[in-house]
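Those protein sequence lines, which keep their order, are chains F, P, Y and B. Just so you know, the first sequence maps onto residues 1 to 301 in our numbering. Just so you know, the second sequence maps onto residues 302 to 602 in our numbering. Just so you know, the third sequence maps onto residues 603 to 859 in our numbering. Just so you know, the fourth sequence maps onto residues 860 to 1116 in our numbering.
Read the hints as simulated data drawn from the structure, not as lab findings. Quick caveat: nothing in here was measured; it's all calculated off a predicted structure. Each hint should be verified, as a subset may be incorrect.
[Said to hold, decoys possible] Using 27 Å as the maximum straight-line C-alpha spacing, the simulated BS3-like pairs for lysine-lysine come out as follows:
(1) Lys710/Y / Lys1011/B
(2) Lys967/B / Lys754/Y
(3) Lys117/F / Lys98/F
(4) Lys103/F / Lys404/P
(5) Lys986/B / Lys1011/B
(6) Lys404/P / Lys117/F
(7) Lys995/B / Lys958/B
(8) Lys366/P / Lys103/F
(9) Lys404/P / Lys65/F
(10) Lys710/Y / Lys729/Y
(11) Lys738/Y / Lys710/Y
(12) Lys710/Y / Lys967/B
(13) Lys117/F / Lys418/P
(14) Lys103/F / Lys399/P
(15) Lys98/F / Lys404/P
(16) Lys404/P / Lys366/P
(17) Lys98/F / Lys418/P
(18) Lys418/P / Lys103/F
(19) Lys399/P / Lys117/F
[To be verified] Covered stretches of chain B (chain P as the covering partner; in silico rule of three or more C-beta atoms under 8 Å from a C-beta of chain P):
(20) 956–967
(21) 983–989
In this text, a Cβ means the ideal position worked out from N, Cα and C, and glycines have one as well.
Here is how the chains run, residue by residue.
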Amino acid sequence: MITLLATLRFTLVSAVQNFWRNLAVSLAATCTMGAILLFIGGILLGTHMLNQMLTAEQAKASNIKIYLEDGVSLGSIANLQSELRADPRVSAVHFENKDDAAKEASSQVENFSESLKVLGSNPLPASLNLDLHRLADLPAIDTMARRNAIVQRGNLATDYNPAIIDKLQTLITWAWRFAVGFLIVFGTLSVVIIMISIRTAVLVRRREVEIMKLVGATDWFVRGPFILEGVIGGVIAAAISGTVIAAAYKPAVDHLRSTLFFFPLSYDGSYLAVVALLLFAAGIGLGAFGSYLGVRRFLTV
Amino acid sequence: MITLLATLRFTLVSAVQNFWRNLAVSLAATCTMGAILLFIGGILLGTHMLNQMLTAEQAKASNIKIYLEDGVSLGSIANLQSELRADPRVSAVHFENKDDAAKEASSQVENFSESLKVLGSNPLPASLNLDLHRLADLPAIDTMARRNAIVQRGNLATDYNPAIIDKLQTLITWAWRFAVGFLIVFGTLSVVIIMISIRTAVLVRRREVEIMKLVGATDWFVRGPFILEGVIGGVIAAAISGTVIAAAYKPAVDHLRSTLFFFPLSYDGSYLAVVALLLFAAGIGLGAFGSYLGVRRFLTV
Amino acid sequence: MSLAAAARPALAADPALRPVISFHGVGKTYPNGTEALHDINLSIFQQDFVFLVGASGAGKSSLVRLLIREEVSTSGRIFVDGQELSRMARRRLPRLRRKFGIVFQDYKLLPRSTVAQNVAFALQVTKPGQRHLREKVEESLWIVGLEDKVHKFPDELSGGEQQRVAIARALVHRPPIFVADEPTGNLDPDTSWGIVQLLLQINHRGTTVVMATHNREVVDLVRRRVVAIEGGRIVRDEAQGQYLREGDATLVSGGNR
Amino acid sequence: MSLAAAARPALAADPALRPVISFHGVGKTYPNGTEALHDINLSIFQQDFVFLVGASGAGKSSLVRLLIREEVSTSGRIFVDGQELSRMARRRLPRLRRKFGIVFQDYKLLPRSTVAQNVAFALQVTKPGQRHLREKVEESLWIVGLEDKVHKFPDELSGGEQQRVAIARALVHRPPIFVADEPTGNLDPDTSWGIVQLLLQINHRGTTVVMATHNREVVDLVRRRVVAIEGGRIVRDEAQGQYLREGDATLVSGGNR
Ligand SMILES: Nc1ncnc2c1ncn2[C@@H]1O[C@H](COP(=O)(O)OP(=O)(O)OP(=O)(O)O)[C@@H](O)[C@H]1O
Ligand SMILES: Nc1ncnc2c1ncn2[C@@H]1O[C@H](COP(=O)(O)OP(=O)(O)OP(=O)(O)O)[C@@H](O)[C@H]1O
Ligand SMILES: [Mg+2]
Ligand SMILES: [Mg+2]
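My request is simple: use the sequences and hints to build the entire structure.
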């Protein structure tokens, strides 16, 4: 028991001392790690923002207009409307009658209202505007709508345009692939860089490790301080990068929102907490694992 | 002369030997540098692609439709047309008569052709469609067009919409700011990381530098091999990252173009050459400067 | 056969008198091809005081390195306290090394630890949980005359002071076997003599002492067992310092090696 | 005043007989507060052969370090070849150091260069563009008896072999002043004596030799000027080895420091 405590005390004291005495190298490793954690955190937050944006864009894009036959009863329209509302894939249903359609058309097309007056009657159909939860459900809803009797026949039954939807979905898939790929490449790279920098730092202490072993120290006695030192570095790195990210997140969101007002961003404090936790876990893990690998090869004496 | 040659030979031999004997540390520094150069190169190419895309989008967006009064003579239209063609800000002018306008409208608006038939006459105006070189010239062209007698009076003289144009321009400005900011942050970070890794590598040789100085070596005699070693590392790093980027560029462009066909990307070999040159310059510069800074502090013996 | 080596084999059956250290036909060839030791046979008993002598490059340090298993022999067998070294598992090495107090020829001090930390470290490693750590460290440093250098770093010490820190570190845990590789090379005659007196004392109290040395005066005056190595072979193993008398002739003739 | 120091001042006006090295009231206090040297006055003339003796920690190495300006004195003035060291510009240090051949107490070999490269390096630094580099290096290594270790690395050598590489490196450019700090600490008596014979030879040919040593035999047998340092002060400066006779008494009484 006393032995264990003494060893623990030795480990802690050595680790802190080594960190201080080797401040240049320690700070080098810590800074590298901090920079990498900063990037990882930044990417995590960035993908989160991207996710927010894409979700909102998807919601915007995933609506479909179902054109109704002229002269169907309001009751059957209400029936269809409530049926659609009950569908779990549909988030909102909005009825647009022929007058609304004409108003919208004249706001978009030059001289349309004049033409209408001349025409005497309104050729535009009434419609049900649906908002869906997921873009991917559009084709199914389209097929379903076409089967209903009160819906217009033929090509123009809905305004669903598979080509545009496909493009949008491709874009979203690609954005995600980019983010994930970037994260993987960068994560691997960061582990390598950290291992290298810690190994270089340990190289300086190679002689010390050998001496300790020759005097009779066990592997864990030698390793302990180094691993703890790595953990200290990792915690500092995580603290620094976490602080920077936390401090920068809100202003970034506010700024982006005010400047690029068409991006639907919001500040997500709970996600920030998750990111901070991840950073600390990554810092501790990387520091400890890197030190472990770094010392290992010199322990063979 | 013999002295100089002997010293140069010594420098070269030492540099290569040091690089080999210290392969672990040398490769660490080289890899770090290579990774950073890879990123810098990637960002350079990425911004270039972005630039291509934005330029194309700008070209697409920077057109204006000038609505003409009904019944003006073809001569005066041709006059205006040639006048606009002579303007250096305008890249193309295309005349659209009333029939073309009706055709376009009916392809966009449901039941429009029916309405037209009922109406008997075509209420849509003829127009001149202009493509401009730069988005920023739109307001000026708009103002100019409104002064011409054959152009329709009032709000509808052109289809120029300042709000949308502003949004697009904000987006472009922001995309550029992001790219440049990323480049600056990453560039600074990379210099720091390289300095740190080289300094750590030199730390291992601190004793050697001191011994050399005590035996009577001049600062440059000691520095020479280290700087050359840094340059060797830089060249290798540049070669690796350059090769990777060159190999990845064409497939990336092809792939992006085939998948995201609405992005107007093209393979730009001359820009790739510029990037490769920049990478080599950066590798040599970073390697030499980093080594210089790294050795400097140990030379005070 | 020398006196020392010849006197004991009959008693080897008695476990108390089994050699603490024994080499049986040991050879060592370094990876670069240098054959440092050939067919070394040597038995060292408890409370022995053995001088290892021989020219520069004879193989003294190599023998010491084999003993603490810093290097592994390429042939033959080495026993320490009845354990065969070449078959020992790596994880049991610490326990082996804790039996020794070792003064390395190049000292092997931790460069970034103070004198006190260097000594305390060895004590902590060999006797974890030891009480009165500080007192024991200070006593050990006082014995080698470095009580006023406790908080200095190795590179703030003179060559001889560093050597004495190495000696203090090897003594601090009162090891059963004390092995010193040229421990007086950077010490003036008076200080050297003090160290040797100290070793004689601990030997008297039961510690086995093996000391590689070039110090002719010491070998001559102490008059203990002398093992002479030449070109990696044991050429003499004698209980007393005949080495000196032969050497004298060479010294006066002053040959260039 | 000793014989050596007293004999010359009258001739100091003659530039040929101006001291090569002179210390005037030199003191050295290290940054950590240790006062290593006090009021050192010393003149060394061309072709002098001077032993620096003194207990461990007396200040011998500190004096050598001041001489090659590895350290700067904190008081007094030091002249080498008429140049004052403390006022010397940093960029002129290489030229100063090339005048010396130096054997450091801890050898200071380049760990990642072979024996031959270590020696060749010193020659290239001190005499750039030297011809027959390889021959000169090999000759120098042959003199110290290391012709068969040319392509080994320092950590593949025994302690004494490393020390001899350091000696070879210091000799290879035939320096006008040879300074050695305990150059025989890890050498057996025969090899030591060979080295001393070598130094006597080069001294005879005109080289000034300064040698810090604990080797009583050598000091006694060579019978040259002995400068004794104690606690950072010069306590004796004599032309012949009276040191030994006094020392003998101490050796026999064998005090613990
Ligand atoms: N690590 C090594 N690798 C290769 N050869 C070595 C190594 N260590 C020593 N040698 C060689 O082995 C031989 C014996 O060396 P050792 O160090 O045992 O000599 P020593 O008796 O201790 O000499 P010294 O008195 O000079 O210290 C020498 O020729 C030396 O060059
Ligand atoms: N770099 C240093 N920093 C601080 N103090 C030092 C330094 N080097 C030596 N000293 C101290 O200065 C004093 C003289 O040391 P020096 O190395 O000159 O002794 P020395 O005569 O060479 O001894 P030895 O025979 O043991 O080598 C000693 O007390 C030593 O502790
Ligand atoms: Mg040895
Ligand atoms: Mg000294």
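Structure-based check of each hint:
Only pairs whose Cα atoms come within 27 Å are accepted, and Lys710/Y paired with Lys1011/B is accepted, the gap being roughly 21 Å. A hinted pair counts as satisfied when its Cα atoms are at most 27 Å apart, and Lys967/B with Lys754/Y qualifies at roughly 21 Å. Taking the CA atoms of Lys117/F and Lys98/F, the gap is about 15 Å. The hint holds against a cut of 27 Å. For a cut-off of 27 Å, the pair hint linking Lys103/F to Lys404/P stands: about 21 Å separates their Cα positions.
Pair hint Lys986/B plus Lys1011/B holds up; C-alpha atoms about 24 Å apart against a cutoff of 27 Å. For the hint linking Lys404/P to Lys117/F, the alpha-carbon distance of about 21 Å falls within 27 Å, and the restraint holds. With a C-alpha separation of about 18 Å, the suggested pairing of Lys995/B with Lys958/B holds against the 27 Å cut-off. Note on Lys366/P and Lys103/F: the hinted pairing holds, with a Cα-Cα distance of about 24 Å set against a maximum of 27 Å.
Proposed proximity of Lys404/P and Lys65/F is supported: the alpha carbons are some 24 Å apart, at most 27 Å. At most 27 Å may separate the alpha-carbon atoms for a hinted pair to count; Lys710/Y and Lys729/Y meet this at roughly 20 Å. A distance of roughly 21 Å separates the Cα atoms of Lys738/Y and Lys710/Y; the hinted pair therefore holds under the 27 Å criterion. This hinted pair checks out: Lys710/Y and Lys967/B have alpha carbons roughly 15 Å apart, not beyond 27 Å.
The suggested pairing of Lys117/F with Lys418/P holds, with an alpha-carbon distance near 13 Å, which does not exceed 27 Å. Distance restraint check for Lys103/F and Lys399/P: the Cα-Cα separation of roughly 24 Å lies within the 27 Å cut-off, and the hinted pair is therefore satisfied. Restraint check for Lys98/F and Lys404/P: satisfied, since their Cα atoms lie roughly 24 Å apart, inside the 27 Å limit. Between Lys404/P and Lys366/P the CA atoms are separated by roughly 16 Å; this keeps the pair inside 27 Å, and the hint holds.
Of the supplied pair hints, the one linking Lys98/F and Lys418/P holds, its CA atoms being roughly 20 Å apart against a limit of 27 Å. Simply put, Lys418/P and Lys103/F have alpha-carbon atoms about 20 Å apart, close enough for the 27 Å limit, and the pair holds. With a C-alpha separation of about 20 Å, the suggested pair Lys399/P and Lys117/F falls inside the 27 Å cut-off, and the hint holds. For a cut-off of 8 Å, the count of residues in the stretch 956–967 of chain B with a CB near a CB of chain P stands at 6, and the three-residue condition holds.
By the rule of at least three residues with a Cβ nearer than 8 Å to a Cβ of chain P, the coverage given for the stretch 983–989 of chain B holds, with 6 such residues.
Checked against the numbered hints above, the structure violates none of them.
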